[in-house]
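Colleague: In case you want the letters, here they are:
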Amino acid sequence: MKQFKGRPVVAGTCSAPALVSHGGFNTLASFQNALQFGDKQAKCGDQNNADLYQKPMVGTALCLPQTIGSTTGGMVLYCAKVMERNPACMLFSEHIDSLACAGAVLGAVWTDSPMPVIDCLGDEFLNYVKDGMKITVAEDGTVTVE
Amino acid sequence: MNYKMQLTPDEIEILNGAKGETMAKVMKTLVMYGDAFGATKMVPVTSKKGHLVTSFGLKVMSPVYDLMDQLIAGGALSGQKFSVDPKPLDPKVPANFLQKLIFNKFMYSKQDEYDEQLRKLGLIDDKSYTCTCYMDEVGNIPVKGDVLSWAESSAVVYANSVIGARCNRNSGIIELFGSIIGKVPYFGLVTDEGRKATWIVEVKTTKKPEAQILGSAIGMKVMEDVPYIKGLNQWIGTQLDGDTKAYLKDFGAATASNGAVGLYHIENLTPEAVEQGESLIAEGAQVYVIDDAELARVQANYPVMWKDKSATPKLCFVGCPHLSHAQLIEWTDNVVAGLKKNGLKKVSIPTVFTAAPAVVEEFNKTAKAKELAATGVILSYICPLMYMNNPLCKKMPVITNSNKLRTYTTSRYYRSEEILDIITKEAK
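Line order of the protein sequences matches chains U and W. Those letters in the first sequence? Residues 2 to 147, per the working numbering, in order. Those letters in the second sequence? Residues 23 to 450, per the working numbering, in order.
Chain U on its own, in the form it takes in the complex (with noise of 0.2 Å):
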């Protein structure tokens, strides 16, 4: 077991089991074909990332260093939340990007369940955590990985 402290940009609670790309993760790529097609385990569609395409995203602690893509990107996140094909939380080992970060507020504002997103965990955290592992996150930003 290890804890890593964080930033919440959107404080929360959770425990998920880990889904980790060590990659960039591109949010519209990602989710365009589950918000599209009805794909409720909203399998990952971008073919560039070698850690998750085709693996379901839903319900699970996404671990990432940052997002990229399209400037759709926090708003797909948003739909992702709304239609309830998101994961439980995000986790960056970077700083938040401006695109994850648009998606993490419209998320905490302008619905009733916010998704938990924690950055600045840092490059040990993304090197520590393995696919399924478990991982709580609490309020204050501290995230143990089991």
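No lab work stands behind these hints: they were computed from the structure. Watch out, some of these pointers could steer you wrong.
Straight-line Cα separation of at most 16 Å, EDC-like style, residue types lysine to aspartate or glutamate; simulated pairs [unchecked claim]:
#1 W:Lys-50 with U:Asp-113
#2 U:Lys-56 with U:Asp-40
#3 U:Lys-3 with U:Glu-147
#4 W:Lys-392 with W:Glu-352
#5 W:Lys-81 with U:Asp-40
#6 W:Lys-252 with W:Asp-214
Since the model is a prediction, treat every value here as computed from it, not as a measurement.
Chain W: place on chain U using the hints.
Modeller: For chain W alone, kept in the frame of chain U given last:
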């Protein structure tokens, strides 16, 4: 709510509901967003017009349209007129019966309603659907130093880099919120410090690099950082003329979609690099050297997502981002010459060139329009990316010279000269 940035009394009043609950939520969103990046304050949007990324009435994106309804009902309309990304549908673009059914009845069944929402919120006019709003014919052109509240990754990176405007890589909805409040949080690419380059890219190729591959290589390397690019002048010159702007449009779109670049500086060319030179480079900047081998390596690593990798292409898209008027003329001349050389009258693969409605309109006034039409190439205002976003197109062998389209769809990337060769030769 708790917040860290310094707000003016007027801003605090909005946040506390003086202009209604909806405006308060819009302001709260911007303040939380800014706080996450250490924004010290809100600054006024100074451009005349905005640009939105969301142009499509996708049925499954109903949360966005519900939110738009909330804004309209709450009187939270854009304080500035705006352009918006291209439409996802154009009857001129080839589609079979099943595709048309799926596009019109299922996928984009919200299009008409959403277009009406855009008009109510502040859309300039019905010709303002393009990802290249900064074209002369479209007329949404900021001036250097303008603070923008735009989204659309290719437009933002162009406005920041080629024009010298100041805009963060805003997401859809956030950009509209900035236009509604008339202010954006002061952080990142809006600040002097945030515009410093943390990468030096040295271009050492033996010929002019393909814009889409060079941009892709840099995007994948620097991600969201700001690169200062040296050595490109020898290939594209030191003047921001039409050809160079078109090159930078395509280059920037690839940096933004293959990575997350929002601003680049090109030595002796882009406005801030011309004015400030290497003082734009931050201390400790990393170095990335690009030569012919590196570009070949990058292109060779693009995955081919076709089931039958040797399939004959069924459709070709050129124009993501939308083509400029000069590019349309150049492509027309090249297609005509290619067909003549190969003894053909029409392109061998159904081919669609895409450009802004206003650019199409101007092009159609020229003799070149008839020449292009005679080749069988279709000229459209459509968004190829939106066209490709369905399971039927996923199975189609589509080719493109756009690295953005390649990244987000199953289309296969070819360099422009390869595309020209494919469409002007007898199909296999």
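Colleague: Run every hint past the structure and note whether it holds.
Modeller: Do the hints match the structure? See the list:
{"no.": "1", "hint": "W:Lys-50 with U:Asp-113", "result": "15 Å, holds"}
{"no.": "2", "hint": "U:Lys-56 with U:Asp-40", "result": "12 Å, holds"}
{"no.": "3", "hint": "U:Lys-3 with U:Glu-147", "result": "7 Å, holds"}
{"no.": "4", "hint": "W:Lys-392 with W:Glu-352", "result": "14 Å, holds"}
{"no.": "5", "hint": "W:Lys-81 with U:Asp-40", "result": "14 Å, holds"}
{"no.": "6", "hint": "W:Lys-252 with W:Asp-214", "result": "21 Å, violated"}
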